[in-house]
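*Asks:* Using the hints provided, position chain H relative to the given structure of chain Z.
As given, the protein sequences belong to chains Z and H, one line each in that order. Take 3 as the starting number for the first sequence in our numbering and just add one per residue. Take 23 as the starting number for the second sequence in our numbering and just add one per residue.
Calculated directly from the structure, the hints in this document are not laboratory data. Each hint should be verified, as a subset may be incorrect.
[Said to hold, decoys possible] Per the computed footprint, the stretches of chain H lying under chain Z, defined by three or more beta-carbons under 8 Å from a beta-carbon of chain Z, are: (1) 36-43; (2) 94-107; (3) 291-301.
[What the hints assert, rightly or not] As a list, the in silico DSS-like pairs of lysine-lysine whose alpha-carbon atoms are at most 27 Å apart: (4) Z:K335 with Z:K203; (5) H:K28 with Z:K137; (6) H:K30 with Z:K144; (7) Z:K144 with H:K133; (8) Z:K409 with H:K325; (9) H:K52 with Z:K192.
[Said to hold, decoys possible] Across the chosen pairs, the derived CB separations fall in these ranges: (10) Z:E388 with H:E232: 38 to 46 Å; (11) H:N149 with Z:E236: 35 to 43 Å; (12) H:E232 with Z:E267: 35 to 43 Å; (13) H:I326 with Z:M414: 31 to 39 Å.
This one's a predicted model, so the numbers in the text were calculated from it and none came from an experiment. Beta carbons: idealized from backbone N, C-alpha and C, even for Gly.
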Amino acid sequence: MKRISIDPITRLEGHAKIEILLDEGGNVDNTYFQVPELRGFEQFCVGRPAEEMPRITNRICGVCPEAHHMASTKTLDALFGIEPTSAVKKIREMFYCSFYVTDHTTHFYALGGPDFVMGPEAPPAERNILGVIHKVGVETGKQVIACRQRNHHLIQVLGGRGVHPVAGIPGGWSRAISEDERKEFLEIAKQNVDFATFSLKLFDEIVLSNSDYVDLILSNAYTQQIYYMGTVDENNLVNFYDGKIRVVDPDGDEFVKYEAKDYAEHIEEHVEPWTYLKFPYLKNVGWKGFVGGKDSGVYAATPLSRLNASKGMATPLAQEYFERMYTILGSKKINGTYQPIHHTLAAHWARLIELLYAAERMQELLEDEEICDPNVRPIVQNTPTEGIGSVEAPRGTLTHHYRTDEKGILTMVNLIVGTTNNYAPISMSINSAARELIKAGTVVTEGLLNKIEMAFRSYDPCFGCATHSLPGQMPLKVYVRDHEGELVDVLSQFC
Amino acid sequence: MSKKAKPKLAMYWAASCGGCEIAVLNIHEKLLVVDEIFDVVFWPVAVDFKYDDVRNFPDGHIDLCLFNGAIRSSENEEIAQLLRQKSKVLVAFGSCAYEGCIPALANLTSKNAIFDTVFQGSLSTSNPEGVIPQTETTVPEGELHIPEFYPAVRSLDQVVNVDYTIPGCPPEPHQIWAVLEAVVAALTQGAELPPAGSVIGAGDLAVCDECELEQDEKQIERFYRPYEVVPEAGKCLLDQGLVCLGAATRSGCGALCPQVGIGCRGCYGPMEGVEDQGARILSALASVISVGEPSDSEAELEKILEEAIETIADPAGTFYRFSMAKAILPRAIVSVNGSKGADE
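Only chain Z is shown next, with the shape it has when bound in the complex (with noise of 0.2 Å):
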């Protein structure tokens, strides 16, 4: 028996392995994906101000702090029993898309890109961001970086700081928007919008006409069948701020759609000896293990599953984005409903779409004079008891949910984080992965550790707060060693 260890992987906030065990024919018997961190925010945030969890939360994750922020702002919302005026959800949900746009830009760019841009089995010295740039150009890449640069200044303007923002306050944000700067807000969301679209003339012109991708991207190796996660409006069209939280089952046919605050009948978590991180499903179908299908609780929540559990794109452009791509993977329109994509590299695809309906929302949202309304900051008076509030962060459904004293000194906290909705789906997909790839005799190749990597890479694991890094390569090195322990071969990326 051999046994394959990749380890680091590094694209978690901080470090994860992946265990690749076969059997004694050289076959894949069995692969887990450990995330060997943990740092208890449910613990020692108990005894905390709740209104100070905005400004405590976002450290969970230095990539995504804008979700945790807004998820935590929501929260204090139901906590103290008051609702935002309407300029104050403008103000959020503008501001909350500006985000979308940086962090949707640096994984297509810097991460899921330069597999595609690049190929699978570049050179891996090459299959990144740099490798990007010299082959697209530098003037594309300067409008990469300007795109980042132009949506953290909004960001560090409107939320305090360009990474952990610190405005949000129960039922406000703690600063107005000055009509000078809604005009040049506006400004940013139009160039964000022409960048979106740009950017997805790109992914045409490297992936779409290129026939070897997009069998790759319907191989079986990346094909799942599972439930999907995603809130939507109240047409069922997808929304990042605000709305219900839908879920499709294998077949595209509605489960369940329920309000943030009741995620709790629906919603458990299951824990594994071997991982500090808990696996969610869905509780009224239940945990059956990692397997797909209508009967286990295993279920999505990624760019790509949000477009499955909606009906569509709220914003024109891109809407047709949204019917192009389940039109040319041959999805089928029934009812008014185009069923589930289960390709799970296509959530590269489905990220440049949901690029573009930021950008568009963000446009939106700015053309709307009321929201410079100077009063943003309310005073509360409620004695608060208990909150839930969620948002979509990029890259899943994300929870929070507090209970406090009548001073509003936390006594209980509980969160269900982005990534963690797709910790299971993607175990799944690297042992699905490995097994396509990995068989008796295969020889291990850069080029397959770099097809494993695909497998979660595009979950844009934030796991991989590294998802936004320079060059974006995924650092594995897979050791083969014998059933005794001995080191057999080392692989790594660069040759």
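*Replies:* Just chain H, lined up with the frame of chain Z:
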């Protein structure tokens, strides 16, 4: 500069959130310059070199290592020691490595309490068999290992010697760039490095000294929670009774949070020469409390002070929001409560 002469740069994260990495990315177009001037030899989030590659480096091979994240697990500690050995200059980068940051609030509780809450008590967890993650697990196909979760969070300098510290959660991008430029000048043009042990990439004053809000040095009767009052724009938040730690926090960020109406929470750490930031914060806040008439007795004064301080919610978690791993006082409290402190 010839290719050979490029200084070797490493960046690593231990128990952290990834915000330090994003702060580095937020130097924006200067990233291309970093790529030109440095040879990146280890940056797990970015390039494909492994622990084993680092183990094979000669000692002192890395010219500059930026280490972010606190020491939470056995893996964090092992890599800290490895990188110390292999680096000429080791920098504690950001608040976690410097003083524990938000993860070190866990030092107010215990490992057992964290495990109980996360794996058993949480209301969405279904764990009828009471499964708790183990450092070693036997599965049907073999043995699996994960690192040990330590009883407390430690800062980097509590584990290895640190040459410099860059404060902030995260450090501001313009400060990061200034440090990189200074290091390059030292390594390539013989410019002098700051004295060993310095805090770099920050100011020597207090956040108040760089804050644009107008200060009247008012005396206050009590403190308010941020949702209890609407502060007057352009005016000092502390003057209006909102907790702001700018008077006891090192400058360098540009006083960003007060500018959007939220008090400083102290992420740039203590000012030069101050060991315990929380104690200094307490005295800074006490100094703005109105102490009544000069005729009041000492006991009355003490009562007034005490009552005003009591209006601050969660003093330990506020005064030591970012510095719990370095706090002298709370460590004693933690020991009294029966869980292990950082020294144990």
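*Asks:* Next, verify each hint and record whether it holds.
*Replies:* Checked hints:
no.	hint	in the structure
1	36-43	holds (count 8)
2	94-107	holds (count 3)
3	291-301	violated (count 0)
4	Z:K335 with Z:K203	holds, 24 Å
5	H:K28 with Z:K137	holds, 25 Å
6	H:K30 with Z:K144	holds, 25 Å
7	Z:K144 with H:K133	violated, 46 Å
8	Z:K409 with H:K325	holds, 22 Å
9	H:K52 with Z:K192	holds, 25 Å
10	Z:E388 with H:E232: 38 to 46 Å	holds, 40 Å
11	H:N149 with Z:E236: 35 to 43 Å	holds, 37 Å
12	H:E232 with Z:E267: 35 to 43 Å	violated, 50 Å
13	H:I326 with Z:M414: 31 to 39 Å	holds, 35 Å
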